[in-house]
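Protein chains: 2
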Amino acid sequence: MKKIINDPSSVVAESLRGFEMAHSDLVKVVPDPAVVVRADAPVRGKVAVISGGGSGHEPMHGGLVGAGMLDAACPGAVFTSPTPDQMQTAIEHTNGGAGVLLIVKNYTGDILNFETAAELAQAEDVEVRTIVIDDDVAVKDSLYTAGRRGVGGTVLLEKIVGAAAERGDDLAACHALAERVVANVRSMGLALAAPTVPHVGEPSFDLADDEMEVGIGIHGEPGRARMPVENADGIVARLLGPIVEDLPFAEGDRVLLFTNSMGGTPLIELYLAHGIAERLLVDRGVVVERRLVGPFVTSLEMQGMSLTLLKLDDEMRELWDAPVRTAALRWGS
Amino acid sequence: MKKIINDPSSVVAESLRGFEMAHSDLVKVVPDPAVVVRADAPVRGKVAVISGGGSGHEPMHGGLVGAGMLDAACPGAVFTSPTPDQMQTAIEHTNGGAGVLLIVKNYTGDILNFETAAELAQAEDVEVRTIVIDDDVAVKDSLYTAGRRGVGGTVLLEKIVGAAAERGDDLAACHALAERVVANVRSMGLALAAPTVPHVGEPSFDLADDEMEVGIGIHGEPGRARMPVENADGIVARLLGPIVEDLPFAEGDRVLLFTNSMGGTPLIELYLAHGIAERLLVDRGVVVERRLVGPFVTSLEMQGMSLTLLKLDDEMRELWDAPVRTAALRWGS
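Here the protein sequences come in this chain order: P and X.
With our numbering as the guide, the letters of the first sequence map in order to residues 444 to 776.
With our numbering as the guide, the letters of the second sequence map in order to residues 444 to 776.
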C-alpha cells in the first residue's frame, strides 16, 4: 500500500486537522467526536442541514460545509458510518432554533445511527426531520443496503436543500423539497480499478487488466456486472441508459448532468466522458440546463466514474444557482 | 491501459469538446488549432494573459481560463508542447489592444514555440512580453529542460498576474509583477506511482512497491532520488526542506502554501499532508497567510504530491484574493 499517511488509525483525524487549517474561513472542526461545522454556526432562525458518512469520499461531505450548503458533516472512519454521538454533536453546534434536517445516504449503518441521533435530539425538544437518498439505479439491494444505495445525487441534494435553508425556508418546506429532489435524481457508477482502504492495506476487490465493474458502489461494493473494458462511448452509454430508463427521463425534460470522478480518473478523461453523455442526452431530446463535472463523490483513489441526472424544475434550478461558499463548491457572492 | 477514452489520438480534442459543453458560460474552444479562450474575449483595453503547455495536467491551463485569470490556454498533445499556430490563434482571439503577456513554463519545446509565436505577433505590431517560470527546486537541468522546470508555481503566477491584468495594469506592470512572483516562488514534487500516457499505453516509469521518486517532474521526469517510501511526516519534510532552504524562506516571511495532488492522491491524504506542511512552517516562524489545496497541476493519474511556497507581499495577497471565475478556481463576485 502506497499512501501519504502516518498511521492508518489516525488518517481521518490528521486529515481533518489539515482541512481545518486550509479552510478556517469556512469551517471549524470539532475534534472529538469529529464533526466539521460551518464557521458561523449556529445560524439563528435557519434550518440546520446536516449530513455525514464514511470518510474516503472527499470532498463529500466536509468539503460541502459552508454558507448555502451544509451546516455540519459527520465523518466516520474510512468507508464506515459515523456514530450517533458525532451526529448529536453536529446538532448541538448547528441548531439555530428552526429545526434540523438530516441528509442520510441509504446504508444500513448510516440509517440506524442517524435514527438514534434524531431520537436523542427529539427527546431534548429539537425538531428533526430525516431525508434518505437512494439514487443508485445499479442494484436493488446491496452489501450494506436494503434498497438502493445513496451516491452522487447526494451532492445535488445538499446544494439545493442547503440553498433553501439559507434563504429561510422552514423545516417542512426543506423536507418537502428534499423529497422532490430524491424523487427526481438517479445515478450509476463504474470502476476500472479498486481503491485501497488504509486500515485494510490491500485493494478492496480484484479486477483483471481487461475488466471493469459496472454499477460499482462507492465503497467498492459489487455492481450489476463485471465485463471487458469498453471504450468511452461504450462506458458512458452503459451508465446513462439505465439512469434515463429508470425515472424515466423523457424528451423535453430539463436536467442537471453531474459527471463524477471516483478519484483516480483524471479530468482529461472525465470531460471527454461528460461530452459524450451530454451529446447522448441531446440526441434523446433531453435538455441539459446545468452541469457539474469533477471528483465530488470519490472512493479514495478508485479509478472510475459515475453519472447523475436530476430532473430540474424552476425552483430547483434557482436554488442550484444560488450562492454557495464551501471548500469544494463556490460561486456567487 | 485502463482509461475512459475512445482513441488515444483524439483524447485531447474530445476532452476539449466536453470541457466546452461543461463550461460554455466561461470559455469557448477554438477547435483547430485548439485553443481555450475566455468567453468574452477579446477584452478591449486589457492586457491579454496567455499560457499553455502539454495536456494531461488538468485543470491547468484550460481550467484556469476566465475572468480574473487567463484569457487563453493552448493545450498541446498529452505531455507535449503546444505549437506556435495555437499560440498565434490564442493571441488573435484575445488581443484587446493593450498587449499580450505569455506565461511559459520552462521546458525547451514550450520556450521555442512561444518564442516563435511572439516573433510572429510582434511582426504584426502586437506588443508581446514573455515570462518564464522555473520554480522547481528539485533538479538543475532535466530531461526536457535547460535550467529548472516550471511546475506548481504556475497556477499562483497565473492567478496573481491575471488579477493585475483584470484591474487594468499595463503590460510593463504585469510583466514586472510576474517577475516578482517568479523570483519568490519555489516548488518540489514527489511520486508514489507513475501515470500512463494514452498514446504510449504503459506507465511512464517503474517504481517498486516500496519506492518513491523524490523531485519528480510533472511529466514523470526523474527527480533527485529514488528511495523507500516514507510516512507522511517524512514525505512532507523531504519536500518542504529544499523549498524553504532554496529561496530561502525565513522566520517572519508571509507565504501562500499550495499543497497539490499529482492526480491519483486523494484529498484525504492531501489535507493530511497540508496540515503537516503548515505546522512545519509555523515551527520555523513562517506565517502562512493563504492556502490552496487540491489537484491543480496534475500528471494524469500519477500518485503523488507537490508543495509550492510563494513569499507574499501586500499587493500579491490582494491580487490573490481578487475575484476569479474559472472552471477550477472561483471566488469573489
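Just so you know, these hints were derived from the structure itself, not from any lab.
Keep in mind that a hint or two might mislead.
The list treats identical chains as one, so a pair stands whether inside a single copy or across any two.
[As the list claims (entries may be wrong)] Straight line, CA to CA, 30 angstroms or less: simulated DSS-like cross-link-like pairs of lysine-lysine:
| id | residue 1 | residue 2 |
| --- | --- | --- |
| 1 | Lys471 | Lys583 |
| 2 | Lys583 | Lys754 |
| 3 | Lys445 | Lys583 |
| 4 | Lys471 | Lys754 |
Go through the copies and call it for Lys445 and Lys583: within, between, both or neither, with a Cα cutoff of 30 angstroms. So Lys445 and Lys583 pass the 30 angstroms test across copies only (28 angstroms; inside, 34 angstroms).
At 30 angstroms max between alpha carbons, let me know whether Lys471 reaches Lys754 within a copy, between copies, both or neither. between (34 angstroms within a copy, 26 angstroms between copies)
When no copy is specified for Lys471 and Lys583, does a C-alpha distance of 30 angstroms or less occur within a copy, between copies, both, or neither? neither (38 angstroms within a copy, 41 angstroms between copies)
As a check of your reading, is Lys583 near Lys754 (CA-CA no more than 30 angstroms) within one copy, between copies, both or neither? within (21 angstroms within a copy, 54 angstroms between copies)
Hint compliance for this structure: hint 1 is the single one not met.
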